[in-house]
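*Asks:* Sequence:
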Amino acid sequence: MNIKLLISILALVSAHFSVVSHAQKLDLDNEADQKILAESFIINFNEAIPISAIRASDISEKVAYQIADLYVAELIKQEGEVAGYKIGTFAKGEYDNGPINGLAGPVTAVMFSKGIHNSGAHISVDCCNMSFVEADFAAEVKSDAINNAETDLEILAALSGFRPFIEMPDIIQPSDGDSNVGGIATNYDVRNAIIGDLIESRATPEWIEKLNNFSFQMTNENGEILAEGSITDAYEPIYRVRHLRDQLLKRGRPLQEGDLLSLGNMGAIRPLKPNLYMDAAIRPIFRGNIATVSYIGLDPKGPAKVSVVIDRTPD
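So the sequence shown is numbered by our numbering: it starts at 1 and just counts up by one.
One or more hints might be untrue.
List of simulated lysine-lysine pairs, DSSO-like, C-alpha gap at most 27 angstroms [said to hold, decoys possible]: (1) 92 - 210; (2) 114 - 142; (3) 305 - 142.
Simulated from the structure, these hints should not be mistaken for laboratory data.
Using the sequences plus the hints, can you model the full thing?
*Replies:* So, in structure tokens, the structure goes:
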């Protein structure tokens, strides 16, 4: 093995275990210790190595968001200003009758300007601890009126429209010790996102109907269909916008003009590499060079698309 490569690997392992042992000694109800842990996550983020496991019983949802806000403050220093937010997967009505598994609502996280890339962007296959191409969908905020909007049409009126959106997160929780609170504390894996052109929407019942019924396909550079489906089987976009807005207001983060809102996986995830996080029989590895997600039946001009180029290290 190349000596320089071996030294780099040993340095990463040493940094990882140093952070692990340090984190285990912290009192995470104490703000000073929360800050120490949040700052340590920057090492994991930059070096693409897993954190020490945060179990569901280790911290509360409230403490997890306190750590997340401190971590976000550190990420802003290197990843740029807040560009938007994402919401975790949840079923319609899941939290209507109270907390589920210790959470009062769906998970939210912050996205940053340096992690938002235009369609056609290049992302290295070695970018992350564990990343994947996800067929996502995003709304774009037109005005802060969205913070007080009540009806679906009022919410839609406060949006500029929607964007084709590929999320490429980086899971830095360990594969054998992940939890919802760990996901919250580590900003729910935010790393990279690729956006397509804005599809302008109008506040009409017809647009609500379109948003709830379009279909999608994920293809490679040869046009092979890797996955396809309908938003109907995933979620109602305005419902997701509403819940993301509500959760962010609870965090003291009102929406602003230009914010991107990642609404979640529509039904296609393809990991970049073999991994211990996902069953390859269910979520096969993406082995191509270009992944494209097409949105069909939404834009009056025709299918809208977003693509990402995966840069691979020559053998």
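*Asks:* Are the hints correct? Go through all of them and say.
*Replies:* Checked hints:
1. 92 - 210: Distance ~18 angstroms between residue 92 and residue 210 Cα, so the pair holds.
2. 114 - 142: Answer holds: residue 114 to residue 142 is near 21 angstroms, not above 27 angstroms.
3. 305 - 142: 22 angstroms, holds
Of the numbered hints given earlier, the model fails none.
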